[in-house]
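Q: The lines below spell out each chain.
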Amino acid sequence: MNAYSYTLLIPLIPLFVFLLIGLTGHKYKPSISGLIGTAGLLVVTVLSYMTAISYFWTDHIAGTAYTSLKVFEIDWLHLTEFLTINLGILLDPISVMMLVVISTVSFMVHIYSLGYMKGEKGFARFYAFLSLFSFSMLGLVLATNIFQMYIFWELVGVSSYLLIGFYYTKPSAVSASKKAFIVTRFADLGFLIGILMLSFMTNTFDFQTLVSSDSPALSHMGGATFLGLSTLTWALTLVFIGGAGKSAMFPLHIWLPDAMEGPTPVSALIHAATMVVAGVYLVARLFPLYSMVAPDALVIVAWVGGISSLFAAIIACTQYDIKRVLAYSTMSQIGYMMLALGVSGYGGHDGLGFMASNWHLFTHAMFKALLFLGAGAIIHSVHSNDMREMGNLRKYLPITHLTFLIGCLTIAGIPPLSGFFSKDEILAAALHANPALFAIEYLVAGITAFYMFRLYFNVFWGKSTHYHHTPHESPLVMTIPLMVLAFGAVFSGFLPFNELVTSDGLPFEAHINYSVAIPSVLIAAFGILVAYMMYRKESLVPEKIATSLGAFYRGAYHKFYMDELYLFVTHKIIFRYISQPVAWFDRNIVDGTMNLIGYSIEKASYMIKGFQSGRVQQYGYVFVTGAVALVIIFVFIW
Amino acid sequence: MDSNILFFLLAGTILLFSVLTVTTRRILRAAVYLLFVLVSTAGLYFMLNYNFLAAVQLTVYAGGIVVLMIFSILLTSHISEKAKLAGMKQSLLSALTVVAGAILTIILLMNHQFTASSEPAVSPDVQNIGRHLVSYGENGYALPFEVISILLLAAMIGSIIVARKESLAANVKPTDENPEK
Amino acid sequence: MTGNIPLEYFLILSTIMFFTGIFGFLTRRNLITMLMSIELILNSVNINFVAFNHFLYPNNLQGHFFTLIIIAVAAAEAAVAIAIIINIYRNFKSIEVDKVNQMKY
Chain V
1 MNAYSYTLLI
11 PLIPLFVFLL
21 IGLTGHKYKP
31 SISGLIGTAG
41 LLVVTVLSYM
51 TAISYFWTDH
61 IAGTAYTSLK
71 VFEIDWLHLT
81 EFLTINLGIL
91 LDPISVMMLV
101 VISTVSFMVH
111 IYSLGYMKGE
121 KGFARFYAFL
131 SLFSFSMLGL
141 VLATNIFQMY
151 IFWELVGVSS
161 YLLIGFYYTK
171 PSAVSASKKA
181 FIVTRFADLG
191 FLIGILMLSF
201 MTNTFDFQTL
211 VSSDSPALSH
221 MGGATFLGLS
231 TLTWALTLVF
241 IGGAGKSAMF
251 PLHIWLPDAM
261 EGPTPVSALI
271 HAATMVVAGV
281 YLVARLFPLY
291 SMVAPDALVI
301 VAWVGGISSL
311 FAAIIACTQY
321 DIKRVLAYST
331 MSQIGYMMLA
341 LGVSGYGGHD
351 GLGFMASNWH
361 LFTHAMFKAL
371 LFLGAGAIIH
381 SVHSNDMREM
391 GNLRKYLPIT
401 HLTFLIGCLT
411 IAGIPPLSGF
421 FSKDEILAAA
431 LHANPALFAI
441 EYLVAGITAF
451 YMFRLYFNVF
461 WGKSTHYHHT
471 PHESPLVMTI
481 PLMVLAFGAV
491 FSGFLPFNEL
501 VTSDGLPFEA
511 HINYSVAIPS
521 VLIAAFGILV
531 AYMMYRKESL
541 VPEKIATSLG
551 AFYRGAYHKF
561 YMDELYLFVT
571 HKIIFRYISQ
581 PVAWFDRNIV
591 DGTMNLIGYS
601 IEKASYMIKG
611 FQSGRVQQYG
621 YVFVTGAVAL
631 VIIFVFIW
Chain Z
1001 MDSNILFFLL
1011 AGTILLFSVL
1021 TVTTRRILRA
1031 AVYLLFVLVS
1041 TAGLYFMLNY
1051 NFLAAVQLTV
1061 YAGGIVVLMI
1071 FSILLTSHIS
1081 EKAKLAGMKQ
1091 SLLSALTVVA
1101 GAILTIILLM
1111 NHQFTASSEP
1121 AVSPDVQNIG
1131 RHLVSYGENG
1141 YALPFEVISI
1151 LLLAAMIGSI
1161 IVARKESLAA
1171 NVKPTDENPE
1181 K
Chain E
2001 MTGNIPLEYF
2011 LILSTIMFFT
2021 GIFGFLTRRN
2031 LITMLMSIEL
2041 ILNSVNINFV
2051 AFNHFLYPNN
2061 LQGHFFTLII
2071 IAVAAAEAAV
2081 AIAIIINIYR
2091 NFKSIEVDKV
2101 NQMKY
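Chains V, Z and E are the protein sequences, given in the same order. Residue 1 is where the first sequence starts when you use this note's numbering, and the numbers rise one by one after that. Residue 1001 is where the second sequence starts when you use this note's numbering, and the numbers rise one by one after that. Residue 2001 is where the third sequence starts when you use this note's numbering, and the numbers rise one by one after that.
Okay, chain V solo, but in the shape it has when bound (with noise of 0.2 Å):
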């Protein structure tokens, strides 16, 4: 045991309070369920910080690297000699970075569903969930080996799959729940075939043997090659695969925009804040090896992540719900920390984007959570997640008014929000590696900007929208986790992250960018003010510009049509000409052997049962002919 033993209690504690309030939550009044769980985890949270400033400060010797500490593990599988699945907890900056995002967000969320989820039906239910899922999280980013984090991996996945259903009377609830489950679980088949043969070629799933500096797979770089790529890329691809479908990276996305039919407080924590930037974490945690043996996998994550980030952009610029908005913002924004991660080198200056995605993620799950949390408030008081039905809400909802334009501001990348130094690092970073990626990346940050204030102008300016009760500001457990996360937007800029999270551990000089950032402010004010004249007032200018763009428009509108590119592809072609036959041949030849086995004994039985009559002068005329044909088969016929 050492110094950093308590962070075991950090997973623990969500677990017990997910079988407490699972096992026992419908025995007393749900809000008590609720107070448990956000006990638990406030917990959690001082626990966490606890150990970040350990961590980060007072444990720390200055001017030395970051290296990983394993503080935990036992042996729970042996599966060969060399290779063992271990449970434990592995601290490193990433890790403990991800402890405090992970407790933030969920401790806000927490607080802020005591008030938005009041009164629902199955409120026990919830937060039994949102434990299981703080618990899984957690357990996530603190594996300290691959298989661990797939474990834990699914684990967040059941736990989304079940929040995304919460509502489960509601048939879109099911089927958006069904759709994430799938689609991820899809995704997570290239994770399990990445880890295998990873281990397959390392005979090790531990990320610290795996990332040091003599992995065993630098021997297996000259190694076979698949299509022209050694067989260590395709390895790592396959991860990376998994990692984009629980980010939702093109074109693994379409289950995101769905998921956003689970209650609001679970899109911030889920699917904005904490699950959907697993995959980068995932990658993240990978990195030195992805740079160091499959440079070819990191150019997959970086164009995938650039393309996803202007696709999710634009249609975010057509959506009406603002949930579905905030969603595709959301795909844009991990988008941008992909492709930081894939155009980042390893060490120094080099990683400068491996930092600079880690910021990213950290500020982005504080204003996203909060951008989300907000809408929540909105729609908790309008009733409606359609914006068209919104306008002039600022007078209503002053608290939710200024905090969601924070968030607003931090995400268009306005100084001194911190959205705009972590995208600034991103930006250039993406301008030192790949010239094309930057251009992408530069639109994508006007494209962000017109579209949340197209938001911000239609549900807090714009018309004055005649209101059934007129909305009111949400009560104070709601409008504090928004201004506690409201700060956090803020100030989180000024973390010294190229400090502390870094691709080897070392502090390396960074220093704003000028000839990025002005021209990236600019066009993100550009962004703002295109917004402005759009939508502040109600006009007709939208409308026809949508008309003059025609089927550009259209096809936003529809997301370029990918749902129905997916039900082509399942039903047309994968359903009819390769799950028919399979399933036809499974009812038939497969059960119908099993059927007919079991079939013919019961026949059988039938048949031999009328033996056993109960007629004793049945029994006695068997007795006797079996002894007289017995006396003719062996006196005269033998």
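Calculated directly from the structure, the hints in this document are not laboratory data. Treat the hints loosely; a few may be bogus.
Stated by the list, open to error - Computed list of lysine-lysine pairs in BS3-like fashion (alpha-carbon distance at most 25 Å, straight line):
1. Z:1089 with E:2099
2. V:537 with V:395
3. V:178 with V:609
4. V:118 with V:27
5. E:2099 with Z:1082
6. V:609 with Z:1165
7. Z:1084 with E:2093
8. Z:1165 with E:2099
9. Z:1082 with E:2093
10. V:178 with V:121
11. Z:1084 with E:2099
12. V:121 with V:29
13. V:609 with E:2099
14. E:2093 with Z:1165
15. V:29 with V:118
16. V:70 with V:118
17. V:121 with V:27
18. V:121 with V:170
Using the hints provided, position chains Z and E relative to the given structure of chain V.
A: Only chains Z and E this time, still in chain V's reference frame:
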């Protein structure tokens, strides 16, 4: 020559009444035919000089068992009642098996060469029988004798218990219906 | 006194009697007549024993004693069987063998 006639007479009686026993539809008559069979068998024993055995056959079989059966018939069915016959199929199949079995057995024993022991004969008179029955040396039957005694005792107790009207549990309870008994 | 009747005659007699008894056992519905058939079978066996004793092994009395014991067993068996039959009659109001098949399966 006359003993031959006696044998065929007895054998004919036995065969006739055996068949009648198993085929008659009146159950009381079946008992009486069985009695004839048993008596004729006793006659065979007489013919073979086993007088004691014949006497036992008459007293135990004819006198005991058959009377017991007649009583039980009177207890369980009417005299006028005609027994139901077995189905055609059952009768035919049984007859086939039985005839086949009989023919096979007869063929077998006709083909078998029996060899008689040439040692001096022992007279089956009552004196000899009594001596053998209770001696335990060579040719002594004291053990079977005792075993069969116990068997008879057990059968007696068992049949009393089985045929008793009240259940055992009911009997254990004190009876207050007939306090004078 | 037996004249020149050969052993085989006795055996044939007992064989026919034996199979007649079996036939009765297989075809009669009434439990008491089935019991009678069993008595026939036992009796035929007795004849066999006596005949073997008399013709083949006159030097001892094994067949004779066997027959005696069989008679005793037959008496015991008849007593128990009739007790059971009366009990069945009390429970089923019938002594038809077809009715007494509750213990199948």
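Q: Now tell me if each hint is right for this structure.
A: Consistency of the hints with the structure:
1. Z:1089 with E:2099: holds (19 Å)
2. V:537 with V:395: OK: residue 537 of chain V and residue 395 of chain V at ~15 Å, within 25 Å.
3. V:178 with V:609: Violated, because 48 Å separates the two Cα atoms, which is more than 25 Å.
4. V:118 with V:27: This hinted pair holds, its Cα atoms lying about 18 Å apart.
5. E:2099 with Z:1082: Holds: residue 2099 of chain E and residue 1082 of chain Z sit about 17 Å apart, inside 25 Å.
6. V:609 with Z:1165: violated (35 Å)
7. Z:1084 with E:2093: Holds. Residue 1084 of chain Z to residue 2093 of chain E sits at ~16 Å (cutoff 25 Å).
8. Z:1165 with E:2099: With Cα atoms ~21 Å apart, residue 1165 of chain Z and residue 2099 of chain E stay inside 25 Å; holds.
9. Z:1082 with E:2093: holds (16 Å)
10. V:178 with V:121: holds (21 Å)
11. Z:1084 with E:2099: holds (13 Å)
12. V:121 with V:29: Holds. Residue 121 of chain V to residue 29 of chain V sits at ~12 Å (cutoff 25 Å).
13. V:609 with E:2099: holds (18 Å)
14. E:2093 with Z:1165: holds (14 Å)
15. V:29 with V:118: Roughly 12 Å between the alpha carbons, so the hint for residue 29 of chain V and residue 118 of chain V holds.
16. V:70 with V:118: With Cα atoms ~41 Å apart, residue 70 of chain V and residue 118 of chain V exceed 25 Å; violated.
17. V:121 with V:27: Holds, at roughly 14 Å.
18. V:121 with V:170: holds (13 Å)
Comparing the model with each earlier hint shows violations of hints 3, 6 and 16; every other hint is respected.
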